[in-house]
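Chemist: The task is simple: from the sequences and hints, build the whole structure.
Listed in order, the protein sequences are those of chains E and C. Mapping of the first sequence onto our numbering: residues 1 to 282, in sequence order. Mapping of the second sequence onto our numbering: residues 1 to 279, in sequence order.
Since the hints were derived computationally from the structure, they do not count as laboratory data. Remember, predicted model here, so these are calculated numbers, not experimental data. Even glycine gets a Cβ: it sits at the ideal position worked out from N, Cα and C. There's no promise every hint is true.
Listed next, with one range per pair, are the computed distances between beta-carbon atoms [claimed, not checked]: (1) E:Y264 to C:G133: 38 to 48 angstroms; (2) C:D25 to E:Q179: 39 to 49 angstroms; (3) E:K20 to C:K2: 44 to 54 angstroms.
Covered by chain E, according to a simulated footprint, are these stretches of chain C (three or more residues, beta-carbon under 8 angstroms) [to be verified]: (4) 12 to 24; (5) 27 to 39; (6) 190 to 204.
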Amino acid sequence: MRFYLMTDLEGVAGVCNWEKRDDVGPWNTLRRQRISRLLAGEVNAAIDGLTEAGFEDIIVNDGHGAGSTIDYEMADPRAVYMHGMERPFWLPFLDATCDATGAVGAHSKASTEGGNLAHTMSGAIRCWSFNGIEGGETGLQALIAGYFNVPFVFAAGDEHLCREMEELVPGCVTVAVKQGTSLLSALTVAPERSRELIREGAARAAEAIAEVGPLKLESPVVFRDERKEPTWDEEAPGEATRVVNAHVREIEGEDLMDVLMKMYPKYDRDYRPEQWRPGVRD
Amino acid sequence: MKVYLVTDLEGVAGVTQWDPRHQGDTPSTALKRQQFSRLLTEEVNAAARGFFNAGATEVIVNDGHGAGMTMDPELFDSRIRVFHGSERPSYCTGLDETCDACASVGTHAKAGTERGNLHHTMNRGVRDYSLNGVSVGETGLQAFLAGCYGVPYVFCAGDEWAVREMQKLVPGCVGAAVKLGISRQSALTAASQRARQIIEEGACLSMRRIDQIEPLSLESPVVFREEHEEPVFDPEDQPEGLRIIDCRTMEIEGETLREVLNVKYGHDPAWTPVWKQKA
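Modeler: Listed below in structure tokens is the structure:
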């Protein structure tokens, strides 16, 4: 059984502030190393639990920032890791060959009251929705998985995110490792405890497959993209199908993938990475 | 049995982005570079274990990336010896007829390989290298140089695209694919521990292929061709030994590849290492 595990940083226990990648000074560099280890510890805990649940093929997407946030020297050898930036797709290798998907280090969507480090993709976005369903990054992951008929079964992160995903995907296993109290504050469990909780939760991920159906969207799919600042110009709609006002644009497509290709014109819809695992080639 | 092992950084598992050595000396780049250094050295050690386990008696490593001091000496397997440093007296110093096999670790695909992770040839300005019309990357060039001394290239560890490139050029050589590039700066990669296992296993197997792999050969004269992405040559100015074809293309012709590389890098063909000089 193949599991696709998305990872992010802002929902990791012990992380309560932004990574601040542009601050390359000694203190922030050491703090970044520490949060890389905290993330790696939670990823490893998830791999333990998923392995226990019967997933023997685990693809981890090192999804935060520049795509190399998980402390690589701690990486569990049982998984393979999607690493790096300028990728041909946001979630490469998430496709119909996966049996289930989930997320570790997940944060709540933009504008979530009290959500620790709540955001959707960038700080510019107030709200994203697809056919009226509001979704942050993890919601979008569940929708993309649904496009490929893959159920979203497991989320670990801020309690606000857990509630968001339970509402979107009833029956999925959620593990709250912290409770956001404001954008930059949270009540967190200790990393050791978060790893225990994640391992236990991930071990139940396989059972959730039967409970959770793939999250599907009816055709046509309308993506609504609302920004905090005036951004869109009715005279120059660009990729948008409709510019509703200076804050809101809509992109309509046949299906979610069609919409994604319009949202991110550099992606090639026909690109499918090959099935690959490391090994000796003789 | 003596193995000459060339190393590079971009094909190491866990190194998916360019070496930040030109991005300023900050705590962030310094720690990243230290980590890359450890990852590379442990892959070299894994290859060395494989070679020694399969009967190699000597493993000579060329610390080939960047300024030639990318490996971490504090982690060296005690049995290896390493050529490191810059301003070297010849290209791939020590690769000669005394070697029984040539191999590479941390190997990346040549320039122009669409999805090769960190693909390039020498530097990012080069479009392609060729030898007598055969397109080569850095590792292809090294395999031909080994062939010039009758030494077969037997083992390639790195990006899947580099493995395929070398297996096409040198049928029978063993690969250890530790990642699959899916764009220039992204890859699906094995964890470091897994990468080291695969490398050790592949390196061990490659020692049994030495007698079955034909050293690469080149007809004389050897024509080396270098094509650049941008105009870099002035066709009005023809430096000695070089043939400037146009503003992007240059050729060097010589009896052997070693002779060509000595011209390319301005190395003294008469240079003799101390271990070959009479005391």
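Chemist: Does each hint fit the structure? Answer for all of them.
Modeler: Now the hints, each set against the structure:
1. Distance hint check: the CB atoms of Y264 (chain E) and G133 (chain C) are about 40 angstroms apart, consistent with the given range 38 to 48 angstroms.
2. Separated by about 41 angstroms at the C-beta atoms, D25 (chain C) and Q179 (chain E) satisfy the suggested range of 39 to 49 angstroms.
3. Range check, K20 (chain E) to K2 (chain C): about 50 angstroms between beta-carbon atoms, so the 44 to 54 angstroms window is met.
4. Proximity of the region 12 to 24 of chain C to chain E, defined as three or more residues with a beta carbon under 8 angstroms from a beta carbon of that chain, is established by the 5 residues found.
5. Counting residues of the region 27 to 39 of chain C whose beta carbon lies closer than 8 angstroms to any beta carbon of chain E gives 7, which meets the minimum of three for the stated coverage.
6. Counting residues of the region 190 to 204 of chain C whose CB falls under 8 angstroms from any CB of chain E gives 10; the rule of at least 3 is met.
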